[in-house]
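A.B. asks: Residues per chain, in single letters:
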Amino acid sequence: ELKVEQNPLFLSMQEGKNYTIYCNYSTTSDRLYWYRQDPGKSLESLFVLLSNGAVKQEGRLMASLDTKARLSTLHITAAVHDLSATYFCAVGETSGSRLTFGEGTQLTVNP
Amino acid sequence: NAGVMQNPRHLVRRRGQEARLRCSPMKGHSHVYWYRQLPEEGLKFMVYLQKENIIDESGMPKERFSAEFPKEGPSILRIQQVVRGDSAAYFCASSSLTSGSREQFFGPGTRLTVL
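Chain order of the listed sequences is A and B.
Quick note, the first sequence lines up with residues 713 to 823 if you use this note's numbering.
Quick note, the second sequence lines up with residues 82 to 196 if you use this note's numbering.
Next comes chain B alone, as it looks inside the complex (with noise of 0.2 Å):
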């Protein structure tokens, strides 16, 4: 049974351009998390998604951050116009709508970098 899987893995952009994040949850898993870690820190939520629904997008910069999450494929978080503060490793996690301990499984990560 294949994680969460996410790409690219590692992804460089020059400030101004856009970047996207995909996230493929783990079979079976509905909700999808994302959050933003910065060097040396703690991760911070960001956005929480299930299928066409965005539940809670408290932690997502109000401009340029935007997620999504289809009826089909992965989710996507979309950064338009890159500054070099956005330069981070970006995880995301999903959990089983039926699992009582809401445990949140987490992908490889993708590790942004902006020149």
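Only chain A is shown next, with the shape it has when bound in the complex (with noise of 0.2 Å):
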């Protein structure tokens, strides 16, 4: 069974300054998607990542994927308030098309 690990899931940090979200995952998969929910809403998608070594930019997200290492990380630059939001990664399996999401990184950036 596919298991998906976030870390951190609380984090609280201030304007400017950079950070790392972390998504491990337990076997093999050849798709992983970020996502961003705020409070209340649906999901937005914000990357797709679909080979070893991906690696994407919106802004001040940078998303990258490591197949071999079952790692993606979402790299925040200089953070800003609007970026408060809970992220989420979700991986596909390989022989099927549900996702798996991780338990979600709820982002607070203070002034």
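Hint data in this document are derived by calculation from the structure and do not stem from the laboratory.
Note that the Cβ used here is the ideal one computed from N, Cα and C, for glycine as well.
A couple of the hints might just be wrong.
Claimed, not checked - If the Cβ cut is set under 8 Å, some of the chain B residues that face chain A in the computed set are: (1) His-112; (2) Tyr-114; (3) Phe-126; (4) Tyr-129.
Stated by the list, open to error - Just a sample of chain A residues kept apart from chain B, beta carbon distances all over 12 Å, derived: (5) Ala-790; (6) Val-792; (7) Asn-822.
These two chains come separately, so use the hints to put the complex back together.
C.D. replies: The following block contains the structure:
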């Protein structure tokens, strides 16, 4: 059974600082996704990572994938308050279509 | 191009009643997924459907829960005889048969409260 672990689960940081969220998964996968969720809202797609070594950047967020280590990272550069949200990684099973989600990282960026 | 649509957005039921949640996928998408999110938790897969077929229902409780995606109309997740533990946000997602990334796009969710 595929397991996905994120850390940290809670992250409080100051504006302007950098930090990294980690996503580990337990079995082989060929696709990993990062989503953002604001309180009471749906999931917004941030990144789709499909190959080993994939790196994607959008604004202050950068995501990478290492399929050999079964690890993805979401790096936050010079955080701003608007980035406060919960971030989920989700891993697709190679043999199927379901996604397995991590527990989420609740990010709070303080002025 | 409208996104994934779900209704109702909020649903309140008393214990023992039935809940029906509807999901219309994005135009051109033929795959529908249902996930459940309990408070302060991640999403948990429930069921994956294509038109008129249930492909994977391994995440759905064996009793009281059922799902369908008819040839015409939205996908429906049905919960019979609801209990307090069914209170959660239920999200539907859809994807395209031809998408290499198999990316799933999520609807706004239905927040079910069982009194």
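A.B. asks: Of the numbered hints stated previously, which ones are contradicted by the structure, given in increasing order?
C.D. replies: none
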